[in-house]
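Just so you know, the protein sequences line up as chains E and A, in that order.
Residue 156 in my numbering sits at position 156 of the first sequence; the count goes up by one each step and never skips.
Residue 203 in my numbering sits at position 203 of the second sequence; the count goes up by one each step and never skips.
Possibly wrong hints are sitting among the right ones.
As the list claims (entries may be wrong) - To be clear about the criterion: a stretch of chain E counts as covered by chain A if any three or more of its residues have a C-beta under 8 Å from a C-beta of chain A, and this derived list gives those stretches:
#, segment
1, 5–19
2, 48–59
Unchecked claim - If you only want the chain A side, here are some residues facing chain E, beta carbon under 8 Å, derived:
#, residue
3, Tyr99
4, Gly100
5, Val104
6, Arg150
Claimed, not checked - Pair by pair, the computed Cβ-Cβ distance ranges are:
#, chain 1, residue 1, chain 2, residue 2, range
7, A, Glu177, E, Ala47, 51 to 57 Å
8, A, Ala95, E, Ser69, 45 to 51 Å
9, A, Glu177, E, Gly127, 33 to 39 Å
10, E, Leu48, A, Gly183, 25 to 31 Å
11, A, Asp174, E, Pro138, 30 to 36 Å
12, A, Val250, E, Pro138, 36 to 42 Å
13, A, Ala95, E, Ala47, 52 to 58 Å
14, E, Ala44, A, His70, 26 to 32 Å
15, A, Thr167, E, Arg215, 57 to 63 Å
16, E, Arg215, A, Ala225, 55 to 61 Å
Honestly, the hints are just simulated from the structure, not real lab data.
Heads up, the beta-carbon is just placed ideally off N, CA and C, and yes, glycines get one too.
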Amino acid sequence: MDWQAVAVSAQLALVTTLILLVLAVPLAGWLAFSRRRWTVAAEAVVALPLVLPPTVLGYYLLVAMGARSPVGRWWQELTGSTLAFSFSGLLVASVLSSLPFAVQPLLAAYGGVDGRLLEASAVLGRGWWGTLGRVALPLSRAGLATAAVLTFAHTVGEFGVVLMVGGNIPGVTRTASISVYDSVQAFDQVAAGRTSLLLLGFSLVVLTLTYTLQRRGGPGWARP
Amino acid sequence: MSGSLTVRVRRHVVDAELVVPLKGPPVTALFGPSGAGKTTLLRCVAGLERPDPGSVVVFGDELWSGDDRHVPARSRRVGLLFQDHALFPHLDVDANVAYGLRGVPRSLRGERVAEALATAGAGHLAGRRVRELSGGEAQRVALARALAPRPRLLLLDEPLSALDTPTRSRLRVDLREVLLRSGAPTLLVSHDRTEVLALADRVAVVVGGRVLQVGEPAEVFGRPADAAVARVVGVETAAPGVVRSRGDGVLGVEVGSGACRLTAVEVLGETAVGPGDQVLVCIRAEDVALELPGRAGPSSPRNHLPGTVTAVAVDGPLVRVDVDCGFPLAAYITRPAREELGLVPGSAVVASVKSPAVHLVPHPQ
Chain E
1 MDWQAVAVSA QLALVTTLIL LVLAVPLAGW LAFSRRRWTV AAEAVVALPL
51 VLPPTVLGYY LLVAMGARSP VGRWWQELTG STLAFSFSGL LVASVLSSLP
101 FAVQPLLAAY GGVDGRLLEA SAVLGRGWWG TLGRVALPLS RAGLATAAVL
151 TFAHTVGEFG VVLMVGGNIP GVTRTASISV YDSVQAFDQV AAGRTSLLLL
201 GFSLVVLTLT YTLQRRGGPG WARP
Chain A
1 MSGSLTVRVR RHVVDAELVV PLKGPPVTAL FGPSGAGKTT LLRCVAGLER
51 PDPGSVVVFG DELWSGDDRH VPARSRRVGL LFQDHALFPH LDVDANVAYG
101 LRGVPRSLRG ERVAEALATA GAGHLAGRRV RELSGGEAQR VALARALAPR
151 PRLLLLDEPL SALDTPTRSR LRVDLREVLL RSGAPTLLVS HDRTEVLALA
201 DRVAVVVGGR VLQVGEPAEV FGRPADAAVA RVVGVETAAP GVVRSRGDGV
251 LGVEVGSGAC RLTAVEVLGE TAVGPGDQVL VCIRAEDVAL ELPGRAGPSS
301 PRNHLPGTVT AVAVDGPLVR VDVDCGFPLA AYITRPAREE LGLVPGSAVV
351 ASVKSPAVHL VPHPQ
C-alpha cells in the first residue's frame with residue numbers, strides 16, 4: 001500500500017478541517033443570524049462546490065493560481081514557487097471544495113438554537129461574537145462535531161479537484177484516492193485493493209460516527 | 001424630558017406614546033388584550049426591535065432610538081425577563097446569573113451572583129442545573145439574571161403567564177416585593193388584570209397599538225377615560241386597603257382613609273391574605289346595589305356603605321353612579337331604579353355589596 005499517499009491525505013484532511021472550522025463557525029453564524037437579503041446569495045455561493053463538477057472547480061482554481069493571475073503572481077513573489085502543484089495550493093483547493101461540508105451542519109445547528117436565547121445574550125451586554133461563542137456555539141456542539149467529521153472525510157475522498165490542482169507528485173500532492181487511480185492505471189490490483197479497502201473502512205466509520213453524533217444531540221438541545 | 005422614559009413608537013400595528021417617570025413608585029404596567037402591541041413596545045425599548053422612522057425612545061437624557069440613531073440592545077443596560085424565561089440550558093444557575101457581569105472584576109462576580117439570587121428569592125437554587133428547575137424556580141433565576149448587572153430599567157414580558165395557577169398566585173406577591181427591593185424602574189407587559197393590580201403602581205392601557213390611558217391602577221380601573229378602556233379593564237372600583245381581621249372564612253378590610261370597613265370572603269386556593277396585609281379592593285359596578293338611607297332592614301349583603309353620589313352617567317341601558325363612601329365606588333343600576341331613587345349628584349345613598357363580590361388582590365406598598 002502507498003503509505004506515503006495515505007500520510008499526505010491524512011495531513012491534508014487534518015489541516016483543512018482545522019482551517020475550515022475556524023472559518024465556518026463565524027461564516028455559518030453570519031448566514032444563520034443575519035437577516036440581510038444577500039445572505040441568501042452568499043449561502044448559494046458557499047453551497048456551490050456541492051453541485052459543481054470537481055473538475056470545473058479545479059479548472060478555475062488552476063487558472064486563479066497560474067502565473068497569469070494576480071493571486072498566482074503574488075504567491076510566486078511571496079514564496080518563490082507556484083501555488084499550483086504544491087501542498088499549499090492543494091490546501092486552498094481542499095478548503096474551498098469542502099466549505100459546504102463544514103458550513104451546512106453548523107448552519108442547521110445554529111438554526112435550531114432558540115432565538116430568545118440570542119436576544120437574552122444581547123440584552124445582557126454581549127455583542128455578536130460573544131453571543132456566538134457563549135450561546136450559539138455551545139448549543140451547536142453536535143453540529144460542530146458533524147462539520148469536523150464530514151469535512152475530514154470529504155477531504156480524504158476528494159479526487160477531481162486534487163488531481164486538477166495538485167497534479168500527482170508523490171509525497172507532496174499524491175493523496176490516497178489518487179494513489180488508487182494510479183495503481184489501477186499501472187495494473188497493480190493488489191495495491192489498489194488495499195488502499196480502497198482502507199478508504200472504504202474509514203468512510204464507514206466516519207458515517208457511523210456522524211449519525212451517532214446527530215442522534216445523541218442535534219440542534220434541538222434539551223431545553224428547560 | 002429628563003428623569004423619565006419617553007417612548008414614541010411606530011411599528012406594525014403600534015403607534016404609541018408613553019412617558020414613564022423613572023423616580024418614585026417603580027412599576028408601570030402596559031395592560032391590554034393580546035395583540036395590542038404591548039410586547040412590540042417593550043422590545044423597542046429593549047433595543048431588540050427597531051421602530052419605524054419617526055419613532056424615539058429616550059431614557060433620561062439619552063436618546064436610545066431615533067431616526068438616525070439606534071443604540072444596540074447590548075449597550076442599553078436594561079434587564080429583560082422573557083415570558084418563558086429563556087435561561088441558557090447549557091449553563092448552570094450561577095453561570096446564567098453571572099452571564100451579564102462581564103464588566104465586573106472576576107473576584108466580585110461570585111458576590112454579585114449571590115446577591116442577585118438572594119434579591120430574587122432564589123438563593124437556595126445556586127449551583128443547580130437549569131433543566132432541573134420548576135417553572136417558578138426558573139422564573140426566579142431569570143429574574144436574578146436580569147437584576148445581576150444592576151440594570152437601569154427592568155422590562156418584564158408577561159412575567160407570570162408561563163406558570164401554573166397556584167405558582168402564579170404565590171409568585172405575584174413575591175415578585176412585587178422583589179421589584180420594590182431591586183428599586184429599578186420597571187416596565188411590565190400583561191394582559192391579566194389581577195397581575196396588573198398586584199404588581200403595578202401605574203397602568204398604561206394599550207388597545208390597538210395605542211396607549212389610551214395612564215394612571216394609578218385605582219384611577220384607571222375606577223375611572224376609565226373612555227369606553228375602550230372600560231371594556232378592557234372590566235373592574236370599576238379598585239381601592240387600596242388593609243386587612244384588619246379574619247374569622248369564619250371572612251376577612252375585615254379597612255378601605256381608603258380608614259373610615260370604611262368592608263367584609264370579604266376568604267377565597268380558598270388563591271393567595272392567602274391575612275391581617276396586616278396591604279391589598280387592592282376590587283368591586284365590579286354591577287355587583288353594587290344602591291338604596292336610600294334609613295330604610296335598611298336586615299339583609300344578606302354584609303357591606304352597607306353610606307356615601308354621597310358624585311356623578312351620574314347614562315351608559316346604554318344602565319346608569320353608572322359614582323359614590324364617595326370614603327373611597328370612590330362605582331355602581332351600575334337600571335334607569336327605572338335611578339328614577340325611583342331620584343339620584344342626582346349630592347344625594348345621600350347606602351351602597352350594598354355582598355362579601356363574595358369583594359375581591360382582594362395582595363398589593364404590598
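* Violated hints, by number in ascending order, as checked against the structure -> 1, 2, 5, 6, 10, 12, 13, 15
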